[in-house]
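Trainee: Chains as they are written, first to last, in the working numbering: chain A, 1 to 309; chain B, 1 to 342; chain C, 1 to 546; chain D, 1 to 352.
Among the clues, some could well be false.
Computed spacing ranges between beta-carbons, pair by pair [unchecked claim]:
hint, chain 1, residue 1, chain 2, residue 2, range
1, A, Thr296, D, Asp56, 34 to 42 Å
2, B, Leu333, C, Arg160, 21 to 29 Å
3, D, Leu117, C, Ala429, 19 to 27 Å
4, A, Thr296, B, Leu194, 53 to 61 Å
5, C, Glu98, B, Leu333, 30 to 38 Å
6, D, Trp310, B, Pro171, 40 to 48 Å
7, B, Gln169, D, Gly180, 13 to 21 Å
8, C, Gln264, B, Ala283, 42 to 50 Å
9, C, Arg221, B, His34, 40 to 48 Å
10, B, Ala283, C, Glu98, 49 to 57 Å
Here are some chain D residues the structure puts well away from chain C; computed CB gaps all over 12 Å [what the hints assert, rightly or not]:
hint, residue
11, Leu77
12, Leu198
13, Ala219
14, Gly222
15, Gly279
16, Val281
Don't read these hints as lab results, they were simulated from the structure.
A virtual CB, placed ideally from N, CA and C, is assigned to each residue, including glycine.
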Amino acid sequence: AEKVRIAMVVKSLGNGFFDAAHEGAKEAARELGDVEVIYTGPTTPTAEGQIEIVNSLISQKVDAIVISANDANALVPITKRAMQRGVKVLSFDSGIAKGGRLMQLNPSNAELIGLKQIQMAAEAIGGAGDVAILSATAQATNQNIWIGEMKKALARPEFSRMKLVATVYGDDQSDKSYREAIGLLRSHPGLKAIIAPTTVGINAAGKAVVDEKLVGKVYVTGLGLPSEMAGHVKSGAVKSFAIWNPIDLGYAATYAAYQFVKGKAQGKEGESIAVGRMGSIKLDAAGEAALAPPFTYDASNVDKFAKIF
Amino acid sequence: MSSMSSMNEPASPPRSRYRIDEKARFQPRDLLRHWEALLAILLVLVCAVNGLLLPHFFDPYNLADSTFNFSEKAMIALPMALLIICREIDISVSAIIALASVAMGLANQAGVPPLGLLLVAIATGTACGLLNGALVTRLGLPSIVVTIGSMSLFRGLASVVLGDQAFTQYPEVLGDWGQGYFFDVLPRPFVVWLLAAVVFAVLLHVTRWGRRLYAIGNNPVAARFSGVAVDRYRLALFVLTGAMAGLAAFFLTGRIGSTRPNIAMGWELEIITVVILGGVSIAGGTGSIGGVMLSVLVMGMLTYGLALANIPGIIMTIVVGALLLATIAIPRLLRGRQGAGR
Amino acid sequence: MSSHVMSIPGTALHPPQAPARSAMRAVADDSTAPVLSLSGIGKRFQGVVALQDVGFTVRPGEVMALLGENGAGKSTLVKILTGIHQPDEGSIHLGGREVRFASAQDAMRGGITAVHQETVMFEELSVAENIWIGRQPLCGTPRRIDWRRMEDEARALFARLEVDLPVRARVKDLSVAQRHFVEIARALSQQAQVVIMDEPTAALSHHEIGELYRIIGQLRRAGTAVIFISHKFDEIYAVADRYTVLRDGRFIASGELADITEQQLVALMVGREVGQVFSRAASNTEDQTAPVLEVKHLSHPSEFDDVSFAVRPGEILGFYGLVGAGRSEVMHALFGLSPEAQGAVWIDGREVKLCSPAQAIAHGLAYVPEDRQRQGALLSLPIFQNITLPVLPGIGFFLRRHRRREIDIARRLCEQLELKASHFHQHVAQLSGGNQQKVVLAKWLATQPRVLILDEPTKGIDIGSKAAVHRFIGELVAQGLAVILVSSELPEVMGMSDRIVVMHQGRVQQVFSRAEASAEALAAAASGGLHADAATATLAGEATWH
Amino acid sequence: MALNFLTSLRASSAPGREAGEPLWQRREPLLALLTVVLILLVGVRAPVFLSAQSMDNLLTDSAITIMLALAQMLVILTRGIDLSVASNLALSGMMSALLAMHFPALPVGVFILMAVLIGLMLGLLNGWLIGYLELPPIVVTLGSMSVYRGMVFVLSGGAWVSSRNMPADFIAFPLARLGGLTHLVWLGALAVVAIWFLARHTRFGRDLYAIGNDPAAAAYVGIASRGRLLWTYGLSGAMAGLAGYLWVARYAVAYTEIAYGFELTVIAACVIGGVSIAGGVGQVSGAVLGALFLSVINNALPIMRISPFWQSALTGLVILCAVVLNARGKQGRRKQILPLHGQKSVITGSRA
Ligand SMILES: Nc1ncnc2c1ncn2[C@@H]1O[C@H](COP(=O)(O)OP(=O)(O)OP(=O)(O)O)[C@@H](O)[C@H]1O
Ligand SMILES: Nc1ncnc2c1ncn2[C@@H]1O[C@H](COP(=O)(O)OP(=O)(O)OP(=O)(O)O)[C@@H](O)[C@H]1O
Ligand SMILES: [Mg+2]
Ligand SMILES: [Mg+2]
């Protein structure tokens with residue numbers, strides 16, 4: 001029979017996180033048997049690049065698209081058209097605004113992610129002190145959502161002794177992130193922690209802390225892949241960081257897309273979708289579902305996972 | 001001193017000793033010397049190969065859809081070609097798109113109707129072009145230098161206004177223009193581009209304005225000495241480029257239904273690449289709109305084909321870069337080096 | 001040292017006296033072996049035959065004049081000899097050995113050097129570096145440029161040339177004439193066996209040419225062979241021993257200059273008899289005719305001051321001065337090219353504002369600039385597009401429909417000027433220097449001006465064409481055109497002009513009527529003095545106003 | 001006998017090599033002053049910027065920009081431009097990182113040498129196309145910029161090489177200190193001296209000025225432009241290669257997009273430093289100051305707590321201002337025919 005063709009569109013190629021998600025997708029395809037996965041993404045993380053790709057996927061008449069969007073709104077028109085042409089569109093990781101997709105699979109609950117990062121920071125610095133956020137670009141959708149959640153978490157009484165002093169953007173460029181990190185360290189002498197919800201950022205901040213000989217005084221935490229962060233955990237600049245399992249995420253997203261193609265899922269509120277070995281996921285009012293809380297890595301386990309993703 | 005004229009003065013103007021033909025004698029192989037001919041062959045080749053290898057390539061709907069990927073860039077390629085013919089360049093075009101789109105977003109929030117948004121976009125682009133042009137012509141600065149600076153400035157202003165926010169909620173009509181069709185088959189941005197291309201082609205190849213643009217690109221000093229208001233033409237071209245970038249911003253904003261400061265990032269180099277592939281010499285004075293149109297189509301079909309084959313975008317940049325190098329290097333290699341010297 | 005050089009520039013009538021020639025001729029008698037000999041040289045440019053089977057010899061210590069019409073192939077030959085072009089066929093023997101020059105460096109090493117027709121200058125570099133560029137003396141370890149020695153040697157060169165130039169000045173601050181001397185110094189610095197000068201006098205004024213002759217004399221005495229290219233016969237007879245004539249890329253004749261008259265030479269060059277230059281009778285316009293153009297108190301902050309003059313229809317107003325006197329700048333201002341200039345311009349008795357060339361053209365002015373390459377020709381546009389550029393408004397908006405008219409305009413003018421080209425779509429870059437000048441001239445005649453400003457209009461034009469140009473100007477003037485003729489050639493100014501304005505250091509020094517003008521008086525005024533003969537002591541344009 | 005056509009010559013025998021305008025009218029001192037004023041202004045707002053540590057970091061941070069700006073200056077002097085530096089940097093950086101990952105036992109010198117050699121090869125390819133095939137530099141380097149960047153992806157398979165994969169001494173070298181200054185600063189200083197010597201005191205360097213002033217004339221005086229161009233782009237490539245290693249090691253990470261868009265920063269540094277895009281004009285001091293100027297801005301903005309959203313706009317504004325100031329300095333210097341006011345005319349007259 002014809003194979004079900006599911007395209008996985010990622011923010012940009014050459015990103016270890018998505019490469020791992022691709023592994024998960026392939027695992028799902030193997031399990032399902034009649035699925036062909038097309039893994040693709042633009043050169044630079046731009047919405048326009050993804051739009052071009054979705055356009056060509058429509059032309060190829062793929063059955064489903066699972067996409068991690070560079071811009072929640074910019075992709076809506078094109079994915080709407082894809083759905084008009086009968087392509088099932090799901091977003092994962094970084095979502096598309098409602099109306100532009102059938103469902104959004106959050107790697108975890110945004111609230112949990114925000115909370116987790118604040119918790120890690122609090123743990124590292126003993127619950128009190130100045131913290132700063134070093135993000136990717138000011139336009140990155142999910143980073144912005146998490147930053148919002150972090151701010152909410154900081155308002156909780158248990159974090160009342162922590163103060164967010166700055167939010168800066170490193171544009172996912174190592175040199176700019178590094179310079180911004182140094183700038184944070186300089187202009188906020190009392191800074192205790194830098195939270196970077198992006199791999200380039202957490203890397204650069206870790207390096208900056210080491211170079212400034214502030215290991216033990218300033219801690220870096222945030223979201224990153226074990227393989228890319230192992231070095232900084234070793235150096236001591238990073239005590240712990242978090243990430244969800246991208247393999248599971250890719251697996252579940254692909255599995256869910258298959259269910260949509262086969263008509264076993266419609267994307268209605270409260271609907272439960274079976275996603276193989278991950279059990280089932282439940283859609284909320286916004287058509288979103290979340291997998292699991294992010295997993296924390298530290299010196300004890302990072303080397304083990306560094307070999308996997 | 002020597003004697004006076006020994007020639008009898010003819011009553012009528014003297015016939016010259018030299019005959020000057022109107023045109024060089026036509027030779028069929030001259031046709032192949034034309035860049036446009038090579039591009040046309042390349043286009044046919046690209047389409048044929050794609051059609052053979054990719055089952056979905058020749059689907060008319062797909063072809064129509066594929067034009068959305070390049071129409072906006074192609075709109076800017078037209079005035080950019082004129083600029084490059086005039087020995088100028090504008091690196092800030094994509095930043096102008098961002099700023100114009102932000103202006104549209106602001107206007108939209110203020111309740112300006114769709115037609116007004118178009119005007120706002122074009123007006124913003126025009127203003128940006130005016131700034132570039134004024135700096136280049138009034139202060140005599142090299143355009144590449146000016147536009148590197150203004151690129152940062154324009155995009156920076158967009159980011160000042162928007163911060164980490166985005167403008168959304170554009171009216172439905174904009175989406176129709178951005179990715180809708182005329183008569184359900186003709187993609188609107190593409191049709192607009194074609195119309196613009198015809199206007200530009202007439203402007204450049206038929207009118208005396210166009211003739212003067214070539215003159216300026218050829219030798220700006222001599223053009224000025226010949227009564228061409230060189231700076232006014234330059235200024236007008238920068239303004240025109242800005243305005244077309246504004247127009248492109250209108251379509252792009254409509255197509256993606258939102259505005260962020262990093263919209264259209266990096267387009268300037270793609271646009272310049274297309275123009276150069278179209279046979280417009282970076283040294284000024286040569287090039288044609290036909291060539292630019294063909295090159296837009298070649299690039300469009302090529303990237304579309306590669307995308308259909310799911311070849312990663314970064315490989316595409318290698319292909320495009322190599323194509324650019326090959327198209328300028330191969331003719332030179334074939335002609336040999338005997339054309340060297342002065 | 002060199003006491004025989006005329007002590008007061010310009011006192012002698014042209015040609016300036018060349019240093020005693022007979023004494024030197026002895027060096028180059030027939031028995032000497034040739035230092036350079038060419039045979040069967042051929043060169044093609046994309047099908048155009050520039051040279052075909054050219055051969056001649058040059059002996060040490062002789063000055064060989066290379067003659068030919070515009071486009072005869074002289075400059076191409078120079079470029080072949082200096083390694084810039086490679087010949088398609090034929091051989092070059094230097095000092096008895098066959099040589100092949102792959103590059104200009106090769107030729108230099110071989111001992112051939114040239115002052116090219118186009119100026120070869122590096123504006124941002126110092127005078128000394130311009131002389132030694134690519135060959136700077138080195139010293140020390142690591143090997144580095146020995147600046148002091150380079151400058152000292154440059155100074156020594158200028159001392160030898162008896163020219164006073166600061167070696168550290170940047171060339172962009174030099175005048176045209178000064179640049180030429182830098183080029184000559186460069187050529188001399190190479191101790192070459194053969195020095196080629198391709199129209200070296202085109203930008204030099206009268207007495208600077210005298211300096212050049214002296215330098216050629218020095219070379220000759222040192223046993224250097226000189227190939228001298230010029231379209232001016234007075235110079236050729238003053239400086240050269242032998243001649244070689246090219247026509248249409250072919251070798252025509254060679255021989256002793258003493259054995260041939262100017263007429264015969266011209267006949268060899270052109271292949272027929274031609275008329276002579278400077279053959280215009282004074283205009284017959286009475287002084288009462290109202291001037292078509294009046295310029296009153298034109299000033300510029302740095303270039304010129306309080307310049308006033310007037311031209312009547314049917315009159316030629318000459319402008320004479322040394323290079324750098326500011327004549328071109330005045331014309332630029334008049335033509336709307338320098339916004340800083342102040343003053344009044346009246347046309348037909350009404351004051352007009354000339355803020356741009358377009359306005360000037362609209363008011364009937366036309367300006368043929370002196371720098372053909374930079375200001376005149378659009379080298380990679382077709383001939384006809386060059387010619388119609390200033391008259392486009394008169395042709396129509398949609399040019400495609402009027403191609404015929406454009407070609408007709410171009411054809412009429414090109415035939416009158418005897419342009420040598422193969423077709424009208426040919427790029428101007430493919431024409432020889434003189435033919436390019438004709439295209440520029442045609443461009444301005446196409447505007448059918450009422451006042452034609454000619455800035456060195458016959459620079460680099462061969463004798464036959466010069467006659468054509470002069471005759472043509474004469475005809476136009478006879479039809480009521482007013483002409484301003486800026487020229488550094490005394491014979492040309494004196495022969496053509498009805499009145500002559502002499503400028504010096506940005507100011508009008510004196511105005512001469514045709515009758516008053518003598519070579520001595522003009523030259524003296526140009527170098528800043530008032531000549532006794534023109535004792536009316538009419539200062540600065542006063543006389544111009546009736 | 002002196003000729004009296006010297007009357008229009010004003011610029012004469014000023015002390016120093018480059019005769020001409022007095023010191024305060026020249027661009028470089030002005031720019032130096034501007035940089036110092038900028039540093040002080042930032043210091044007023046954020047005194048920590050003036051601390052020794054911060055200055056040290058500023059120098060370290062500007063080293064790579066300075067090195068690339070110097071090489072770019074040589075290229076621009078010849079009327080060229082090298083848009084491929086950032087891609088070249090990424091490619092040679094990635095290749096040396098991959099090498100380090102697979103052969104961690106090799107000494108650091110080998111990785112540096114490899115990076116330089118790879119950069120040199122990439123640069124020579126540009127140089128060959130530009131010098132020997134006489135193709136326009138902007139087009140060639142635009143093309144190679146895409147190709148080189150794509151190659152980074154192909155070679156790395158899109159994966160990162162992160163600090164875990166790099167040997168410790170590979171990472172440590174750029175920031176290791178010698179006599180109180182980081183290796184990066186020393187390398188930057190070395191590059192300044194070397195390029196200064198090259199540009200000022202070798203035939204190679206002077207030929208570049210000549211080529212930029214008038215390429216056709218350069219051929220007429222026998223300058224072998226092709227070879228010169230080949231090696232100029234080669235040098236630019238080698239410098240980018242070295243910068244590639246330094247970049248990757250300093251930030252302890254290599255991925256496809258490192259230094260994306262950095263070529264524009266480098267060119268902007270040259271332009272601010274008064275290197276004329278039209279060729280033939282430019283000083284080592286200018287390029288260095290231009291690069292320093294940009295580094296000061298880039299380092300100061302984060303420290304000054306200026307809203308991140310204003311940074312790009314401010315950078316653009318500053319570039320435009322610097323360029324406009326440069327242009328104003330250039331205007332008004334034209335030849336002068338009239339004797340200057342209050343100065344007697346300089347007719348030297350003829351010697352009898
Ligand atoms: N690069 C070139 N490409 C094509 N044709 C050329 C080129 N250079 C010269 N020619 C042609 O070669 C012929 C000889 O030109 P050349 O410049 O040698 O003449 P010339 O004798 O120096 O004339 P003039 O006195 O006007 O300087 C001309 O017909 C010219 O059109
Ligand atoms: N210092 C200089 N720098 C650049 N260009 C110069 C310089 N001096 C002279 N020139 C060039 O030479 C031309 C002639 O100079 P200028 O206008 O000063 O004198 P002129 O009286 O017109 O001389 P002529 O017409 O005899 O050449 C100018 O138009 C200019 O292009
Ligand atoms: Mg010639
Ligand atoms: Mg002049």
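Trainee: Now look at each hint and say whether the structure bears it out.
Mentor: So, going through the hints one by one against the coordinates:
Between Thr296 of chain A and Asp56 of chain D the beta carbons are some 36 Å apart, a value that agrees with the proposed interval 34 to 42 Å. A C-beta distance of roughly 48 Å is found between Leu333 of chain B and Arg160 of chain C, which places it outside the suggested range of 21 to 29 Å. Checking the proposed 19 to 27 Å range against Leu117 of chain D and Ala429 of chain C shows it is violated: the Cβ atoms sit about 42 Å from each other. For Thr296 of chain A and Leu194 of chain B, the Cβ-Cβ distance of about 57 Å falls inside the hinted range of 53 to 61 Å, so the restraint holds.
A hinted range of 30 to 38 Å holds for the C-beta pair Glu98 of chain C and Leu333 of chain B, which are about 31 Å apart. A hinted range of 40 to 48 Å for the beta carbons of Trp310 of chain D and Pro171 of chain B is inconsistent with their spacing of about 31 Å. One distance hint, 13 to 21 Å for the beta-carbon pair Gln169 of chain B and Gly180 of chain D, is violated here, with the actual separation near 58 Å. A beta carbon spacing of about 46 Å between Gln264 of chain C and Ala283 of chain B agrees with the range 42 to 50 Å that was offered as a hint.
Here the CB-CB span from Arg221 of chain C to His34 of chain B is close to 58 Å, at odds with the stated 40 to 48 Å. Against the hinted window of 49 to 57 Å, the Cβ-Cβ separation of Ala283 of chain B and Glu98 of chain C comes to about 38 Å, which falls outside the hint. Leu77 of chain D, annotated as away from the interface, has a beta carbon of chain C within 12 Å; the closest lies near 10 Å. The Cβ of Leu198 of chain D does not lie farther than 12 Å from every Cβ of chain C; its closest approach is about 10 Å, which violates its non-interface assignment.
Taking the minimum C-beta to C-beta distance to chain C, about 6 Å, the non-interface status of Ala219 of chain D is violated against the 12 Å cut. A Cβ of chain C approaches the Cβ of Gly222 of chain D within 12 Å, the least distance being about 4 Å, so the stated non-interface status is violated. The Cβ of Gly279 of chain D does not lie farther than 12 Å from every Cβ of chain C; its closest approach is about 9 Å, which violates its non-interface assignment. The non-interface label for Val281 of chain D is inconsistent with chain C: the shortest C-beta to C-beta separation is roughly 5 Å, within 12 Å.
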